[in-house]
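Engineer: Keeping the supplied structure of chain A fixed, place chains B and C upon it in accordance with the hints.
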Amino acid sequence: MNVALFYALTGAGIFTLGLHGVIIYRHLLRKIMAINIMGSGVFLVLAGLARRVPAGPPDPVPHAMVITGIVVAVAATALALVLLLRLLDVSGSVVLPDNEEE
Amino acid sequence: MTLILLPLAGAMLAFLFPRAGGRLGLLTAFSVLFSAIALAAVVIGDGVQLHLLGGWPAPLGITLRTDGLSMVMLLVAAVVGLGISLYAAVWFRQEPLNGERFWPLWLLLWSALNALFLSADLFNLYVTLELLGLSAVGLAAVAGGAAAYAAAMRYLLVSLLGSLLYLLGVALIYHACGSVDITLVAERLSPSAASRAALALMVSGLLLKTALFPLHFWLPAAHANAGAPVSAALSGLVVKATFYLLLRLWLELFDTFAPQLETLLGLLGAAAVLWGSLQALRQSRLKLLIAYSTVAQIGYLFMAFPLAAAAGLQAWYGALYLVMSHALAKSAMFLAAGNLRRHAGHDRIAELDLVAQRLPLSVSAFALAGMTIMGLPPSGGFIAKWWLLQAALVQGMWGWALVLVVGGLLSAAYLFKVVGFAFTRARGTHEACPVPLSMEWIALLLAIGSVLLGLLVLPPMALLGVGDPFGLALEAGQ
Amino acid sequence: MTLNQLLPLVVLASSLLPGLLIFALPEERHRTRSALNLGGALIKLALVLWMLWGVYNQQLYEVRLAFLPGLELVFRVGPLALFFIILSSGLWLVTTVYAIGYLEGSPNRSRFFGFFSLCVTSTVGLAMAGSLFTFLLFYEMLTLTTYPLVVHRGTEAARRAGRAYLAYTVFGGALLMAGTVWLYTLTGTLEFVPRGFVSGLDPSYRTQLVLIFILLIAGLGVKAALFPLHGWLPMAMVAPAPVSALLHAVAVVKAGAFGIVRVVYEVYGVEFAFGIGVTYPLAIVAAVTILYGSLRAMFQDDLKRRLAFSTISQVSYVALGVAIVGPIATIGGVVHLVHQGVMKITLFFCAGNMAETLGVHRISEMNGVGKRMPWTMAAFTIAAFGMIGLPPFAGFISKWYLSLGALEAGREWVVLLLVISSLLNAAYFLPILHVAWFRQPDGPWPEERDYGNRETAWALLLPPLITAGFTIAIGLFAAAPFTPLEWAKLISLREFGTP
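Chains as they are written, first to last, in our numbering: chain A, 1 to 102; chain B, 1001 to 1478; chain C, 2001 to 2499.
Some clues are possibly wrong.
[Unchecked claim] Not everything, but these chain C residues come out facing chain B in the computed CB check (under 10 Å):
| hint | residue |
| --- | --- |
| 1 | L2068 |
| 2 | N2108 |
| 3 | L2144 |
| 4 | Y2147 |
| 5 | H2152 |
| 6 | A2158 |
| 7 | G2162 |
| 8 | A2167 |
| 9 | L2175 |
| 10 | T2180 |
| 11 | W2182 |
| 12 | L2490 |
| 13 | L2493 |
[Said to hold, decoys possible] Have a look at the derived ranges for each label pair, beta carbon to beta carbon:
| hint | chain 1 | residue 1 | chain 2 | residue 2 | range |
| --- | --- | --- | --- | --- | --- |
| 14 | C | L2020 | A | H20 | 56 to 64 Å |
| 15 | A | T10 | B | H1346 | 50 to 58 Å |
| 16 | C | R2031 | B | A1038 | 47 to 55 Å |
| 17 | C | R2160 | B | P1360 | 57 to 65 Å |
| 18 | B | P1214 | C | S2106 | 46 to 54 Å |
| 19 | B | G1345 | C | R2160 | 46 to 54 Å |
| 20 | B | A1350 | C | L2423 | 48 to 56 Å |
In short, the hints are calculated from the structure, not lab data.
Ideal Cβ positions, reconstructed from N, Cα and C, are used throughout, including at glycine.
Looking at chain A on its own, in the form it has when it is part of the complex (with noise of 0.2 Å):
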């Protein structure tokens, strides 16, 4: 196996794992960790999967799409902590209710 294809499926693996733990985690800083691990998942395919021609120099394009995507992680993540915060605030619980509805 080379080590492209090694990297691209240890991407998919955290990609994965992150999945489930946004999935199962009810603690929303859980969750909101477990969608930062899926984004790492996600630019260490993109990193991985960086070469045009084998053994020749990596393509640059995926690196530029990788920094993008830390960039708008880094928003997102930031936008979720301040939710999270105010939903403490408001509500003193880390946990998003069951049910909308009334």
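Structural biologist: Below, chains B and C without anything else, positioned relative to chain A:
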């Protein structure tokens, strides 16, 4: 390009000068509408427009492309956006702090929408998706309060999840094709394990964001707990944008990859129609009813996928006509509901009678918008339903036809439940909060727009067809 | 656009524009509102009469508007359209006068008259529709514009009635739409053609055509109150009398019946329909409805409900005439559209008068009404005799032609049915007349209003007298030109005449 920069600039300025938010917002809204109309004129005259950012050609550069489909979406966003902006300018006079937060987020959302409609580059689309999602979540949270924050949080998690699925798909596609420009990818893409996986990922991500049953769980709370202009934007525009993206990917890239997927989408759509309508019937709060109605209407859109197999024109045009009419009608409904709620201080349906009779314009707006939802003439919704039924019946797909008909009946049930209150003898009095006439008129005008779409069909059809986005030139006539 | 093309559109506008304007009027401006109402009605009637003269002289009034690719909005005024539109326009004028009088002093009149005008617009639109598609559009709009009229009073009973009304009519509309789209996918056209346009299709489509027929007739049958889709009509009687009058005589029920006539004659063609075997079941359904309506009517004490069941029964005469394949039966069925309309509206006007002036709603309260309101009861009596089928009133003509047509087509049982039905009609009308004219009042009237020397307001009295007069005239002078009978003969000729 201006269509993206204008709202972006507006957003920045509104952020920097919060107290001028309303005026900046309106200025931006009008300019965007004029630019959109200008662009439409160019598109009708000269066909598909391409713009290369920075002059860099693909595969390195990012292409912006406008064909009939994009143009229609841009125009719809521009018109509805103007309506929302005008309404919000008046609405937030009562809540100035929320108003200051609203404008930058709203303009950011709008620029994300326009960018999404114009981009022809998969990664750029990812960025626009994220921008769209984050600003939408922000707007959902503006209202404040535990319910809104919880709904926004859920929306955020869902949105991020969806975007990441999409991004993973993009990664796989880039690996397979060496580019993320849609045209190039379309040429190079062939069915393989990697591309099928990419299809699955991207479609799942976008389905999550478009709230197709059963991935709709986040929508009712998010749309119902937001302030009226925000709900209008979310239901009217945001879910349409993600649907548009899914459609675009399907038409350009994945059309022939997985016929079973068409049926699956159709089945989920049918389930959405039935489930959403039934849930709407059960609601005791007006905004939740309207939100579930959105869930149901989205289902109709997905039913076009299996119907397009042999009746592409009717199915796709029907779906798009529903997108256009629903955008206008649903935003009108949410704005009208906002009026009712502000007047009464609550939105419990059972106690709407006195409110409804004091605000005849809002109720009329609601009723007229309801005609589109029910698919009754004259309205854009009727035309959409006509086409979709035609597509179903000409192929002998009785099951889909039955769902279309039953869906219409159910929507009549839950809508008339509300409209009936406009006519009952009002019981008792209560403290009424006055509602400015302009807010009522905006809701009414948007609703009239959806009715007009039902009367003037040929022009939108002509615009939609520019550049043949649905690949219909290869099919025989209707 | 030539004048002939413009006329149908102007006729539509003559009630659409006043309707929209009336919505914007504040409640107090009754003069303006009445002026708009009556003005619109007069203009419409005048234009329709002009078109009557024109069609008689072989003029063509047709306008086509591009709407969907391959589907135009078609308005064409031929004999059948004219038939219905004269009924609608003439009776609208009379009903407007009546409604203005009846609703004197009630709330929400702007809303009422706005929807009233829109309702007539929809009716006129579907009368002039030259294609099933155009018909469908206005048919659905009719549902939407009549709902506010049914729930106008705003009481709990009104809301329930409105809900039932919607459930039935929206369902019917969905059936009609499904049938129409289906037909369109088979034939590629939906324009009305005398003798129909489906006969050219391949025989392999026969089952589909039968199913489509069922869908279309069921969809139309809801409004036409065919058994078992009639349930909404008695409940809708909670609406004010002008609304009942409108629903029964002018708009809704007639629209359904008219639609059935159009579908059988100008979509399928009656010979073709006979050939695929759908006319006989339709005749059965009509017959059942006729008997059912009459039987239920006998047991109603509430006057308007009795009249409602009477309508259910009588409108099926139209369906029956259509389903008995034959030119004379056609004449009988089609002409009954007009005759029943004129007679029924008279009955409702009178019922409304008694309710408004005396608070009398039930037959058991009607003892001696004849002495107190002689003119009203006279009109009622004339209309009742017409419904029973006594010569020389209008109803007799219809039943005569139906019987002749049945005999000619070899359906003798229909004659028996008509006789039984007339007996039943007598059974539920004569007691009313007896009670009103020959009994003494039990005590004071439930809620009497004083009109001085007159028996009731002019606006309430004139309309029924006018329509009762028509009942006599149509019957007496049936052979004269321009009567409904002559027009019905013309329509029948177009359907059955030598090609």
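Engineer: Does each hint fit the structure? Answer for all of them.
Structural biologist: Quick rundown of the hints versus the structure:
1. L2068: Holds - the Cβ of L2068 (chain C) comes within 10 Å of chain B, reaching about 5 Å at its closest.
2. N2108: Since the shortest Cβ distance to chain B is 8 Å, the answer is holds.
3. L2144: holds (6 Å)
4. Y2147: Hint on Y2147 (chain C): holds, closest Cβ of chain B at ~8 Å, below 10 Å.
5. H2152: Holds, because the Cβ-Cβ distance from H2152 (chain C) to chain B comes to roughly 7 Å (cut-off 10 Å).
6. A2158: Cβ of A2158 (chain C) sits 8 Å from chain B, so the hint holds.
7. G2162: Nearest chain B Cβ about 6 Å off; hint holds.
8. A2167: With a closest approach of 8 Å, the A2167 (chain C) hint holds.
9. L2175: holds (8 Å)
10. T2180: Given a least distance of 9 Å, the restraint on T2180 (chain C) holds.
11. W2182: holds (5 Å)
12. L2490: violated (31 Å)
13. L2493: violated (34 Å)
14. C:L2020 / A:H20: 56 to 64 Å: At 60 Å between Cβs, range holds.
15. A:T10 / B:H1346: 50 to 58 Å: The hinted range 50 to 58 Å holds for T10 (chain A) and H1346 (chain B), with Cβ atoms some 53 Å apart.
16. C:R2031 / B:A1038: 47 to 55 Å: With a Cβ separation near 49 Å, R2031 (chain C) and A1038 (chain B) satisfy 47 to 55 Å, so the hint holds.
17. C:R2160 / B:P1360: 57 to 65 Å: violated (23 Å)
18. B:P1214 / C:S2106: 46 to 54 Å: holds (50 Å)
19. B:G1345 / C:R2160: 46 to 54 Å: Cβ of G1345 (chain B) to Cβ of R2160 (chain C): about 29 Å, so the range 46 to 54 Å is violated.
20. B:A1350 / C:L2423: 48 to 56 Å: holds (50 Å)
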